[in-house]
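We have chain A; now place chain B onto it with these hints.
Residues per chain, in single letters:
Number of protein chains: 2
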Amino acid sequence: MRAEIISVGTELLLGEIVDTNAAFLSQELAALGIELYHRTTVGDNEQRLRQALVEALSRVDLVITSGGLGPTADDLTKEVVAAVLDLPLVLHRPSLQWIEEYFARMGRKMTASNRKQALIPEGGVALPNPNGTAPGVFVRKGEQIVVCLPGPPGELMPMFRSYVRPELQKESRGVIRSRVLRLCGVGESELVERIGDFLAGQTNPTLAPLASEGEVRLRITARAQTDAEAEALNGELEAKLRARLGLLIYGTDEDTLESVVVKLLKRRGETLAVAESCTGGLLADRITDVPGASTVFDRGVVTYSNRAKMELLQVPADVIEAKGAVSPEVARFMAEGVRRVAGTDWGIGITGIAGPGGGSREKPVGLVYFALAGPGVSLVREEHWSGDRRKIKRRTTQAVLDLLRRTLLTDQECPARRRLAFSLPPVFLAGGFFIWEKKL
Amino acid sequence: MRAEIISVGTELLLGEIVDTNAAFLSQELAALGIELYHRTTVGDNEQRLRQALVEALSRVDLVITSGGLGPTADDLTKEVVAAVLDLPLVLHRPSLQWIEEYFARMGRKMTASNRKQALIPEGGVALPNPNGTAPGVFVRKGEQIVVCLPGPPGELMPMFRSYVRPELQKESRGVIRSRVLRLCGVGESELVERIGDFLAGQTNPTLAPLASEGEVRLRITARAQTDAEAEALNGELEAKLRARLGLLIYGTDEDTLESVVVKLLKRRGETLAVAESCTGGLLADRITDVPGASTVFDRGVVTYSNRAKMELLQVPADVIEAKGAVSPEVARFMAEGVRRVAGTDWGIGITGIAGPGGGSREKPVGLVYFALAGPGVSLVREEHWSGDRRKIKRRTTQAVLDLLRRTLLTDQECPARRRLAFSLPPVFLAGGFFIWEKKL
Chain A
1 MRAEIISVGT
11 ELLLGEIVDT
21 NAAFLSQELA
31 ALGIELYHRT
41 TVGDNEQRLR
51 QALVEALSRV
61 DLVITSGGLG
71 PTADDLTKEV
81 VAAVLDLPLV
91 LHRPSLQWIE
101 EYFARMGRKM
111 TASNRKQALI
121 PEGGVALPNP
131 NGTAPGVFVR
141 KGEQIVVCLP
151 GPPGELMPMF
161 RSYVRPELQK
171 ESRGVIRSRV
181 LRLCGVGESE
191 LVERIGDFLA
201 GQTNPTLAPL
211 ASEGEVRLRI
221 TARAQTDAEA
231 EALNGELEAK
241 LRARLGLLIY
251 GTDEDTLESV
261 VVKLLKRRGE
271 TLAVAESCTG
281 GLLADRITDV
291 PGASTVFDRG
301 VVTYSNRAKM
311 ELLQVPADVI
321 EAKGAVSPEV
331 ARFMAEGVRR
341 VAGTDWGIGI
351 TGIAGPGGGS
361 REKPVGLVYF
371 ALAGPGVSLV
381 REEHWSGDRR
391 KIKRRTTQAV
401 LDLLRRTLLT
411 DQECPARRRL
421 AFSLPPVFLA
431 GGFFIWEKKL
Chain B
441 MRAEIISVGT
451 ELLLGEIVDT
461 NAAFLSQELA
471 ALGIELYHRT
481 TVGDNEQRLR
491 QALVEALSRV
501 DLVITSGGLG
511 PTADDLTKEV
521 VAAVLDLPLV
531 LHRPSLQWIE
541 EYFARMGRKM
551 TASNRKQALI
561 PEGGVALPNP
571 NGTAPGVFVR
581 KGEQIVVCLP
591 GPPGELMPMF
601 RSYVRPELQK
611 ESRGVIRSRV
621 LRLCGVGESE
631 LVERIGDFLA
641 GQTNPTLAPL
651 ASEGEVRLRI
661 TARAQTDAEA
671 EALNGELEAK
681 LRARLGLLIY
691 GTDEDTLESV
701 VVKLLKRRGE
711 TLAVAESCTG
721 GLLADRITDV
731 PGASTVFDRG
741 VVTYSNRAKM
751 ELLQVPADVI
761 EAKGAVSPEV
771 ARFMAEGVRR
781 VAGTDWGIGI
791 TGIAGPGGGS
801 REKPVGLVYF
811 ALAGPGVSLV
821 REEHWSGDRR
831 KIKRRTTQAV
841 LDLLRRTLLT
851 DQECPARRRL
861 AFSLPPVFLA
871 GGFFIWEKKL
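Just so you know, the protein sequences line up as chains A and B, in that order. Numbering follows my numbering, in which position 29 of the first sequence is assigned residue number 29; successive positions increment by one, without gaps. Just add 440 to the spot in the second sequence (first one is 1) and you have my numbering.
Okay, chain A solo, but in the shape it has when bound (with noise of 0.2 Å):
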């Protein structure tokens, strides 16, 4: 089956409002198995909707539409649909009642204009509406379904998912699943290169690469008779992934690199403090996003000023003085104190510039030094980011995120490699886990 969505209102080619009702359907239409191949939007104009309806209907056999059920002479969908289907409209009297006690539940009086909204296309099923007063509409013609849908998401939703669902379930033939694995640590250029032959040869599941600020995605999407050979022949293909990826994969579907960390921690039931100077408190943010995140984070400093950095996180003067608030021993000072401080078994410190102002040349804006301590670990990581101050503080937090990830995760795995690797005392990584000495 294929579908086609058509979002109705002038306030959204205005740009007054985002159209998350399109993104909703679309995903359920995925999920379905039902194809989606266009998207079209138009104002509140009876010829372009009339237009692109017809249009629709050319292609597809399945149109939804959102928007335009309003009591208002601008709301003409289901005007425009009865007649490119050629339907009278005619009054449903429960829609009509339903309004009116609508209308005196809220002690609003009923206006003339109201009676329009229980208006259908002959033939067609109305939608009960809880959430408001437009019904929805459900009318087929021949082999051809209609959908049309109130606008505001608030009505969409709940009404798409109790009653356009279940009698698109009963349509559709065999299901579609998918899962998407998230990466951190791999450019999706880099990406593609390792996993070519697989993004080369796929077709049931496909597979796909998406890029997002500080991670890439890959979307594995099997089409089958039922639930249950869907996600089998899924899960095939993210064993072969997970064996050629290996810890650049962070977590699945709704992951984030925060909830893994979060997640990892409490299973070790070890807890973490942080100490953020460029980064400003988004690390604890993004933290204490995680619900649960309590049971981890003790606590996070930005210290901003070099004051703070010596009152709370007891860095030294002379080396903030020699060395400057920017540097390997700042950071490393800062992931120490802290976890010091805290009683922490981690310990993360960030020192960096966020630009625009600031910088110098052989400290430019990007410049950003983090460091990590706890069990036997004490790590500095040097980078250089492009970009604006959100990107860098939004880089530098997942850099710092995947860094304990993998700590972590090694530690666990295995010990002998990480005491090997984490011995050295303060020692840098660049690059992955390339490791090299600096005397500090």
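No lab work stands behind these hints: they were computed from the structure. All figures in this text were calculated on a predicted structure; none of them were measured in a lab. Keep in mind that a hint or two might mislead.
What the hints assert, rightly or not - Pair by pair, the computed Cβ-Cβ distance ranges are: (1) B:642 - A:143: 43 to 53 Å; (2) A:246 - B:682: 55 to 65 Å; (3) A:236 - B:563: 42 to 52 Å; (4) B:523 - A:55: 19 to 29 Å; (5) A:266 - B:642: 50 to 60 Å.
To be verified - A few chain B residues that face chain A, going by a derived Cβ cut-off under 7 Å, partial list only: (6) 453; (7) 454; (8) 460; (9) 466; (10) 467; (11) 481; (12) 511; (13) 553; (14) 737; (15) 738; (16) 742; (17) 744; (18) 796.
Note that CB positions come from ideal geometry on N, CA and C, so glycine has one too.
Only chain B this time, still in chain A's reference frame:
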């Protein structure tokens, strides 16, 4: 001038991401006075992208695409645009150099596939992308213009603002100038009631309210023959709105609550330290997003554990014991503690229950106390938010920043009023500036 937007990306049609680019571009086009009647979304599919492009070019003068500029074989927007416009793709050396440097700076290996990102349709202008590798394209063919922008909003938006908007401004007849007033502490419907007379009567400038998380924007848009005329029209309406709305307006255009607060503190030569529990660092993160925040922001502490509250902020153990960590008393001790310890002029303390766990009947999820301590000032405010963890964090920081802003402004403009209002030791503020006392 008429435009269409084509959003390209299979991830859009699968509903994996919401198309915020389309809303952004729609807003921008509206502000430029360019008419937008259609938006289309297609996947990473050559045939359907070509069809959408041909159709759009049959109707309008300007087509803007987003997405499909990445390095993989899937990414084919420029290839299709070049084919439809019948222009060869040529290598743009400065872009290639930029991409090479980008990878060098990141310490990552550039692959052959990235080279393709430096190709642009002959005769087109490559639009620099400081936030990524893919340059954009601005290309004319006859009277028509095609603009290709990268998919990530963090790349698309600055590229549009820096390069596309100025170019399109030259095209449109007359000028359209917009300014945005930003308001905090009032809901959209309440605002609409308060300025209903303005909203009903306005045609030039037009006036449009726009709600987003924890604030409302008012866009004023004038058409005129010259910049000066348009700005004068906007200025006149702005003055009337300011007379009506007063302190509710916190800023204009690109201002944020945090940038306004940092500016006010800078002007007064005062400093700030913050102590957060339920907001987990988000307040510090927002403040440190403002370039130059380091001159006023001394430190932040994220005291998730009770021990951290006692150690870092000297919150008395017996107060935590007797009143609970989420209490007006603890919020007050946090604000005063961080102010005293840091030696800053102002201190903020936040404690609450961000959920989803941790709530009780007396202290439900969404209950937040925040306190402001400063010269002669000690305020505590109680709020009950709804929504998820992220929303509660966000709304709390919004309310805290607004409280600090209003206090700084009130103090500046009318010190006597401030002393009157704030000299009552521990006071509670709720719902605007209604004040009552509560014995702690």
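Open item on the list: Given a cut of 7 Å on the nearest C-beta pair, is the interface hint for residue 742 (chain B) held or broken against chain A?
Closed with: At 4 Å from the nearest chain A Cβ, residue 742 (chain B) passes the 7 Å test, so the hint holds.
Open item on the list: The hint names residue 467 (chain B) as touching chain A; please verify it with the least Cβ-Cβ distance against 7 Å.
Closed with: Holds, about 3 Å.
Open item on the list: Using the nearest Cβ pair, does residue 466 (chain B) come within less than 7 Å of chain A?
Closed with: holds (3 Å)
Open item on the list: Let's test the interface hint: is any C-beta of chain A closer than 7 Å to that of residue 454 (chain B)?
Closed with: holds (5 Å)
TODO: Hold the hint about residue 744 (chain B) up to the distance rule: shortest CB distance to chain A must be less than 7 Å.
DONE: holds (5 Å)
Open item on the list: Would the hint on residue 796 (chain B) be counted as holding, given a Cβ-Cβ threshold of 7 Å to chain A?
Closed with: holds (5 Å)
Open item on the list: Given residue 737 (chain B) as an interface hint, is its Cβ closer than 7 Å to any Cβ of chain A?
Closed with: Given a least distance of 5 Å, the restraint on residue 737 (chain B) holds.
Task: Restraint outcome when residue 511 (chain B) is required to lie within 7 Å of chain A by C-beta distance - done: holds (5 Å)
Task: chain A contact restraint on residue 453 (chain B) - CB to CB distance below 7 Å - done: Holds: closest Cβ of chain A sits about 5 Å from residue 453 (chain B), inside 7 Å.
- [ ] Check the following: the C-beta atoms of residue 236 (chain A) and residue 563 (chain B) are separated by a distance inside 42 to 52 Å.
- [x] Holds, at about 48 Å.
Open item on the list: Quick check on the hint: residue 460 (chain B) CB to chain A CB, less than 7 Å?
Closed with: holds (5 Å)
- [ ] Look at the Cβ atoms of residue 523 (chain B) and residue 55 (chain A) and judge whether their distance stays inside 19 to 29 Å.
- [x] Check passed, 23 Å falls within 19 to 29 Å.
Against the hints set out earlier in the document, no violation occurs for any number.
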